[in-house]
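Chemist: Spelled out from the first residue to the last, the chains are:
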Amino acid sequence: MEKIVLKVNGINYEVSVSSTQTLADVLREELGLTGTKIMCNEGECGACTVLLDGKPILSCMTLAIEAEGKDILTIEGLADPLTGRLHPIQEAFVELSGMQCGVCTPGMILTAKAFLEQNPNPTEDDVREALSGNLCRCGNYRRIVECVLEASKKMEEE
Amino acid sequence: MANEFSVLGKSHIRKDAIEKVKGEAKYISDIKLPGMLYAKFLRSPYAHARILSIDTSKAEALLGVKCVLTYKNVPKVHPLRKFEFLLDETVHYPGQEVAALAAISPEIAEEALDLIDVEYEVLPSIFDPDEAIKPGATLARPEYGSPLYRGTELVQIPRLEKDGWLRLEVGDIEKGFSEADEIIEANFDWSPIQYNCSPQPRGVICEWMGEKLICYADTQLPLFVWQDLSNCLGIPQSNIRVIASYSVGGYGGKMPEKTAILTAILAKRTGRPVKAVFSRAEDFIGTHHRISYKNFHKVGVKKDGTLVAGYHRIIGHWGNDTCVQFICQATGLLGCTMLYEWQNSKAETCGVLTNIIGYGPMNGFGDPEVIYSLERIMDMVAEKIGMDPVSFRIKNCMKYGDRAMEYEQVLYGPIRWGIVGDDLNSFPELIKKCAELAQWKEKWKGWRVPVSVNGSKRRGIGIALGMHHTSFWPSSAIVKMNQDGTANVLSMAIEMGQGYATAISQVVAETLGLRYEDVNPVLSDTWATPPSRGNVASSGTSSPINSARLAAEDVRRRLFELAAPRLNTTPDNLEARDRHIWVKGSDRKISIASLCLANWQITGWANNPPYESIKDERTGKVIHAYAAAVTIAEVEVDTETGALELIRITSGHDCGRAINPIIVENQIDLGVVMANGWVRTEKYVIDEKTGVILNPNLIDYKLITFLDMPRSEDFQRFFLERPCAWGPFGAKGMSETAMTAAGPAIANAIYNAIGVRIFDGFLSPDKILSAVERMAKV
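From first to last, the protein sequence lines stand for chains A and B. Counting from -14, one number per residue, gives the positions in the first sequence under this note's numbering. Counting from 1343, one number per residue, gives the positions in the second sequence under this note's numbering.
If you're looking for bench data, these hints aren't it; they were derived computationally from the structure. All residues carry an ideal CB built from backbone N, CA and C; glycine is no exception. Certain hints may be false.
As a list, the in silico DSS-like pairs of lysine-lysine whose alpha-carbon atoms are at most 27 Å apart [stated by the list, open to error]:
id: 1; chain 1: B; residue 1: K1517; chain 2: A; residue 2: K(-8)
id: 2; chain 1: A; residue 1: K139; chain 2: B; residue 2: K1610
id: 3; chain 1: A; residue 1: K40; chain 2: A; residue 2: K(-12)
id: 4; chain 1: B; residue 1: K1644; chain 2: B; residue 2: K1352
id: 5; chain 1: A; residue 1: K(-12); chain 2: B; residue 2: K1374
id: 6; chain 1: B; residue 1: K1352; chain 2: A; residue 2: K138
id: 7; chain 1: B; residue 1: K1368; chain 2: A; residue 2: K(-8)
id: 8; chain 1: B; residue 1: K1799; chain 2: B; residue 2: K2044
id: 9; chain 1: B; residue 1: K1775; chain 2: B; residue 2: K1352
id: 10; chain 1: A; residue 1: K40; chain 2: B; residue 2: K1368
id: 11; chain 1: B; residue 1: K1374; chain 2: B; residue 2: K1352
id: 12; chain 1: B; residue 1: K1783; chain 2: B; residue 2: K1644
id: 13; chain 1: B; residue 1: K2044; chain 2: A; residue 2: K40
id: 14; chain 1: B; residue 1: K1400; chain 2: B; residue 2: K1610
FRET-style restraints, in silico, Cβ to Cβ [claimed, not checked]:
id: 15; chain 1: A; residue 1: K40; chain 2: B; residue 2: S1933; range: 49 to 59 Å
id: 16; chain 1: A; residue 1: E109; chain 2: B; residue 2: N1796; range: 17 to 27 Å
id: 17; chain 1: A; residue 1: M(-14); chain 2: B; residue 2: I1577; range: 50 to 60 Å
Partner residues are not named here, just some residues of chain B that face chain A (Cβ under 10 Å, in silico) [said to hold, decoys possible]:
id: 18; residue: S1353
id: 19; residue: D1372
id: 20; residue: L1375
id: 21; residue: P2052
Let the sequences and hints guide you as you build the complete structure.
Modeler: See below:
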């Protein structure tokens, strides 16, 4: 076990981790940030996506020690910490029912956030391509695309 | 239509939306209790074997291991009335539990599994159902003495005949076939086995307080878990609290089977809470999957398209066992008897036992597997008589007054046909509208004439109908008013993503004249919520939500009684709206909050009436609730590679009344996408020699992705609202019908593209290529 400092959602946490422990495991089991979901646990489904320095990564395939010194954003850190206001992507998912069972939702939203920052005015094809690594067993794909396009409009207006 | 309501028919924000987008929704895998241990299961590597010896001493000696269970130290009981004991001396499929243990961490528990020494005597096994059914074949369960399921002491199915077949007949098929102008028959190979693949593998946490057991279960059937724990552990239901308030999409399959019982025993023996959550691989191999059918259909038809006789033989591949003995197939018998109105029909089914994983409920439950082949033969029938497939279906689809029944009657009798209600008169309209949206007239160029040909790429279009029951079951609910005039509705049903929490709140708010946000549900806590069967068989809307509506009416009656003297009128002269009780046609009112503040015990409850009491006014016959669907698919087949692309899909539904339109659309999408996976991408690979599942992971078992579905403009869905006699405000369950129609629509579209029919279940590129090879010969 070694002690490392992880900066998650703007807060520094000192945690003891083993060299083989994944970031997903540390977020969920050590820090109690269970908003990061594990669906396949082998890098295929995108449910465990978090942002590392703004880039989407699969936290079930990333060692916790690799994330030291980087800014980690999980779903718990996405709403405005002061006002509590949801991020526009979260708002779009709420307003248009972008989720059913909700397990893929945090990963979908974070992947969409990183994508919209790169491509603020996407086409439907762009969204489909960008999210194609995230699986939704409830088959909510069409609605999720609608939510991300709606969020891009909201973000542009703001 | 939605305008007559204030809360209903509007896409209110889901009750669970905000916690889900913030990552605050807590599923079983997210819950941690103080002192909690972690359970793991040792599973058989063999398909059929007897345990000669099992030595757990090394595992027990490992630091951190608290308890190890084997067949030697657990009760000899049959969970869910299945063949196998909780832990058994003989195993009948690869993946069957051999031991269970609890340790202070998942890693130690995993390590301890490797320290259990088991010596097996490997026994003969059989995996191919075609072989298993032959006389003299190896028996999957020699001690049972039959390759076909015939019931057990625990499972009595009165209408199952001695030969192991369940039958359903109408009229006289011999006479019917003798009157036919054309007779068309075909065998359809096994429909694909499909993995439910809940986004969260099955999980349960058990904790004891004295003699009382608390079980947090990820299940859509809390009632079954509750009864099963009571039966297997020998403790009263009143001592068992099953909490299933945050379940994850189960698509039919979420029941913990024996896991809850083993976990409860581990918790009892260690005196600590124990959590069992399957790994993804365990969830693949250690639970159950969609049933596979091999169907033969023979259809007699007149030249004008009138169906005179139908014979349907459905062989179900059960694997080692199931927890829903013949319920799936009774549903399938009704599917092929009811989707079209036959003058004469006979349907029969049996269940073949082998040594692979067993089957269980999955979205569509017995109907998709029969409609997949039925809708292909119906296309063959229409072609034979030279009728357009759309017109053929408009002529023959089920409509008001056609015979209908509950699947329970097929199993237990008596066979007494009722009818489908006038909501089903929407079916022809649904087909017409679907054809219009899919531009059928422009695209359909005739039998075996593709929509277009561009080099090796051929486009085809196909249609299929679908249906499923929307069960009306005994169910009860309680609505309690709070002092501020808000309400909670108590219901033993669950929110697993399908929108139950939202829909039940909308119905109760509408009934009481409250705002949507004034009502919140309390779901599935067996100590608090009144019984209902849970969320299976598309029953949620028709059954528990209907009892919630009746409970809300009970509350409204009490509110009227309290308000009447204060408004100087009689209760029958009052109405509830805008959070007030009003004197009809006047501006005199009293707020519901003030009535509740002054009266502390305004609680209403109700049971659903028996289904036999709901009768058609015109004919006096019992009405059965069914939902209908139609799907038109347009595909592109690459004749060089066998690749199949879905170009366009249109899915139409009849939902009685859409309580929340966006959620209805989402549920349609679920079925359409899942059906695509079923026939196009999700292939269970089972080793022919060992029965072991070779791809128990999401890398090798391919779910549909964003890119496998058409863009929004080419992925259309719609619904019609024709109130159903059963459900609340005419609503009925519609969540499983999409699954039933989409698979055969794709298969029929492939036929249109290449002019060769594929009789296999899985429409993979290799099957398509081998069909293409036959193209030249046609």
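Chemist: Hint by hint, note whether the structure agrees.
Modeler: Verification of the hints:
1. With a C-alpha separation of about 78 Å, the suggested pair K1517(B) and K(-8)(A) falls outside the 27 Å cut-off, and the hint is violated.
2. Using a Cα cut-off of 27 Å, the hinted pair K139(A) and K1610(B) is violated, with the two alpha carbons roughly 53 Å apart.
3. With a C-alpha separation of about 24 Å, the suggested pair K40(A) and K(-12)(A) falls inside the 27 Å cut-off, and the hint holds.
4. For the given pair, K1644(B) sits about 46 Å from K1352(B) by alpha-carbon distance, which is inconsistent with the 27 Å threshold.
5. For the hint pairing K(-12)(A) with K1374(B), the CA-to-CA distance comes to about 23 Å; that is within 27 Å, so the pair holds.
6. Of the pairs offered as hints, the one joining K1352(B) and K138(A) holds, with about 23 Å between alpha carbons and a cut-off of 27 Å not exceeded.
7. Only pairs whose Cα atoms come within 27 Å are accepted, and K1368(B) paired with K(-8)(A) is accepted, the gap being roughly 23 Å.
8. Taken as a hint, the K1799(B) and K2044(B) pair is honoured in the structure, with Cα atoms around 24 Å apart against an allowance of 27 Å.
9. Of the pairs offered as hints, the one joining K1775(B) and K1352(B) holds, with about 23 Å between alpha carbons and a cut-off of 27 Å not exceeded.
10. Proposed proximity of K40(A) and K1368(B) is supported: the alpha carbons are some 26 Å apart, at most 27 Å.
11. Proximity of K1374(B) to K1352(B) is assessed by CA-CA distance (about 37 Å); at most 27 Å being required, the pair is judged violated.
12. Distance restraint check for K1783(B) and K1644(B): the Cα-Cα separation of roughly 25 Å lies within the 27 Å cut-off, and the hinted pair is therefore satisfied.
13. The straight-line distance between the Cα atoms of K2044(B) and K40(A) is roughly 26 Å, inside the 27 Å bound, and the hint therefore holds.
14. Simply put, K1400(B) and K1610(B) have alpha-carbon atoms about 22 Å apart, close enough for the 27 Å limit, and the pair holds.
15. The hinted range of 49 to 59 Å is satisfied by K40(A) and S1933(B), whose Cβ atoms lie roughly 54 Å apart.
16. With their beta carbons about 24 Å apart, E109(A) and N1796(B) fall inside the hinted range of 17 to 27 Å.
17. The hinted window of 50 to 60 Å between M(-14)(A) and I1577(B) is violated, with their beta carbons roughly 42 Å apart.
18. Interface hint status for S1353(B): upheld, as the beta-carbon distance to the closest one in chain A is roughly 7 Å, under 10 Å.
19. Annotation: interface hint on D1372(B) holds; nearest CB of chain A at approximately 4 Å, less than 10 Å.
20. Checking L1375(B) against chain A: minimum C-beta separation of about 13 Å lies over 10 Å; hint violated.
21. The closest approach between the C-beta of P2052(B) and any C-beta of chain A is roughly 9 Å, which is under the 10 Å cut-off, so the hint is satisfied.
Checked against the numbered hints above, the structure breaks hints 1, 2, 4, 11, 17 and 20 and satisfies the rest.
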